[in-house]
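Asks: Protein chains in written order, with the numbering used here: chain D, 1 to 298; chain L, 1 to 277.
Hints may be right or wrong, so weigh each one.
[Claimed, not checked] Listed next, with one range per pair, are the computed distances between beta-carbon atoms:
id, chain 1, residue 1, chain 2, residue 2, range
1, L, ARG274, D, ARG49, 57 to 67 Å
2, D, GLU10, L, GLY253, 14 to 24 Å
3, L, ALA32, D, LEU212, 15 to 25 Å
4, L, ALA32, D, ALA209, 15 to 25 Å
5, L, SER144, D, GLU26, 32 to 42 Å
6, D, GLU10, L, ALA268, 22 to 32 Å
[Stated by the list, open to error] Partial selection, computed: residues in chain L whose CB lies under 8 Å from chain D:
id, residue
7, VAL22
8, ARG69
9, TRP110
10, LEU136
11, ALA140
12, ARG145
13, VAL156
14, MET251
Keep in mind the hints are simulated off the structure, nothing from the lab. Ideal Cβ positions, reconstructed from N, Cα and C, are used throughout, including at glycine.
Chain by chain, the residues run as shown.
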Amino acid sequence: MTGRRWPALEVDPPWSASQVAELAHEYGLERVDTPPGLVRYLRQLWERRAFVIELATARAYERNQNNVLGQLWAALNPLLLAGSYFLIFGLLLDTSRGVDNYPAFLSVGIFIFSFIAASATTGAKSITSNLSLVRSVRFPRAALPVSVALAEFLLLLPAIGVLLVLLPIVGEPPRWEWLLLPGAMALLFGFCAGLSMICARLVLDVRDATNLIPVAVRLLRYVSGVFFSIAAYAGHGALSLVMQYQPVALFLQLVRSCLLSEVPQDPLLWLWGAVWAVGFLVVGAVVFWRAEGRYGRD
Amino acid sequence: MAATDVTGTGVPVPPGRVPSIVVRDLRVTYKAYGGKRNALGDEAEGRLGRALDRVTRHVGTVTEVPAVRGVSFVAYEGESIGVIGRNGSGKSTLLRAIAGLIPTAGGEVWAGGDIALMGVNAALSSALSGERNIMLGGLAKGLSRKQVNELHDWIVDFAGIGDFVHLPMRTYSSGMAARLRFAISASTAPDILIIDEALSTGDVEFRAKSAARVEEIRQQAGTVFLVSHSTATVRKMCDRAIWIDRGLLRMDGPTDEVCDSYERVMRAIRRKKRLRG
């Protein structure tokens with residue numbers, strides 16, 4: 001210890017909480033260290049929508065900026081990925097697994113699942129990876145997980161575009177059902193934004209969850225029907241129903257029902273899609289908001 | 001400053017002054033992950049205890065560090081307050097908590113109006129161009145796209161980065177990056193302004209320019225806090241000073257009075273160190 005140790009005793013506050021509250025009321029002062037009510041919080045978030053969008057586009061842009069072809073990779077990456085699936089599973093191997101057009105089935109599954117997985121894992125890190133921004137500017141912190149989900153969504157769009165071009169080539173002619181796709185994507189985005197907020201809150205309370213979320217994602221990858229049709233494998237029991245209607249599997253199926261002729265349109269899919277989207281958004285917003293005053297600690 | 005209780009609330013408010021910030025018993029605790037458990041003492045007793053300690057030391061390494069330990073004061077409109085103290089005394093932490101940027105562990109902060117922190121460490125993305133960083137920084141502060149576009153030229157000009165504004169920020173020299181950050185945060189004037197050591201950025205010319213800009217903002221802003229360990233800056237710019245020592249408020253009063261005793265104590269410490277070593 002350098003220097004002299006000061007008598008560093010803590011002192012009692014000179015005024016009571018109620019005295020200060022009365023003074024604050026008199027001069028119209030507001031609490032800074034506690035979050036506003038939920039409605040006001042959501043309004044503040046809405047007022048910062050331009051920030052959320054800018055942050056998302058910047059982040060999506062940043063991902064593909066570090067090489068010569070730059071933004072072309074946003075389309076090239078999914079093209080190469082889907083292309084190799086069509087090559088391997090369509091031409092070289094015969095693994096239909098109860099599916100008529102396996103390469104198309106798999107490509108949709110992979111793209112949609114990657115979006116959900118990325119929303120969860122980067123959403124979990126959205127506060128800690130922006131700590132210096134959090135510590136220098138005041139804004140509703142929910143802007144960060146929401147913009148993470150939006151950035152991943154923006155990166156998904158070129159992949160969907162690639163799919164729409166490839167599908168007719170591999171025997172899935174354009175159909176009227178394709179027009180339902182924007183609706184399915186909107187529900188999917190709502191779900192992912194909620195998921196991202198939930199993961200961000202989870203990591204705040206249990207820092208070690210950062211290591212568990214990737215494990216959960218890997219597990220979901222294998223039970224959500226990314227590679228296979230759940231109905232064809234798991235039959236029609238209660239377990240199969242749970243597996244088919246859990247949100248991740250459901251959204252894969254919902255998007256497939258819009259794109260692939262072998263998956264029929266089903267009102268039940270849409271109903272559950274809406275339930276999961278609204279449910280995750282509401283739970284995510286409430287859960288995230290309740291800890292608003294605590295983000296930004298180390 | 002005759003502090004009389006004109007409000008009848010028990011909190012002394014001098015006649016004719018309007019409180020803009022009230023801080024009561026504010027506490028901030030850092031949770032430090034990593035490092036070793038028992039980093040702050042608490043040595044285990046006995047041979048067995050120490051052996052156990054050696055094994056478990058690397059699991060559950062969360063240390064709670066109290067940075068601000070119960071600070072109370074009232075700031076008024078039109079005041080500029082210098083916050084002084086040694087490195088690590090908790091002055092930056094205190095003001096970040098007042099600005100609502102870091103979580104508090106207890107106490108209250110009340111404010112009238114918007115609070116902004118001006119500093120050189122406002123985070124920007126190094127992968128993005130200066131242009132996008134200007135937009136991002138402005139929108140984060142709550143400006144509209146149109147407002148940021150109107151400020152854009154002023155920011156680029158003030159930072160003096162010229163055509164570099166189109167390049168990613170990782171290509172900037174550290175001076176250029178710091179100047180851009182300062183220019184973004186200095187482009188608007190809030191009701192309550194907190195300046196955190198931002199005046200020591202860049203070369204002599206930029207320092208003079210930024211001091212002039214801070215003075216401009218100071219006249220528009222209602223209340224200004226200046227965090228500094230240089231008493232010279234505080235004496236020049238502030239009419240009141242608060243001395244923070246080890247997370248506690250050690251002195252609060254007219255600038256010269258507080259700065260004089262601060263300097264006296266610092267001199268005493270240096271002398272003692274010299275004698276010892």
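Asks: What hint numbers does the structure not satisfy?
Replies: Violated hints (numbers, rising): 13 and 14; every other hint is consistent with the structure.
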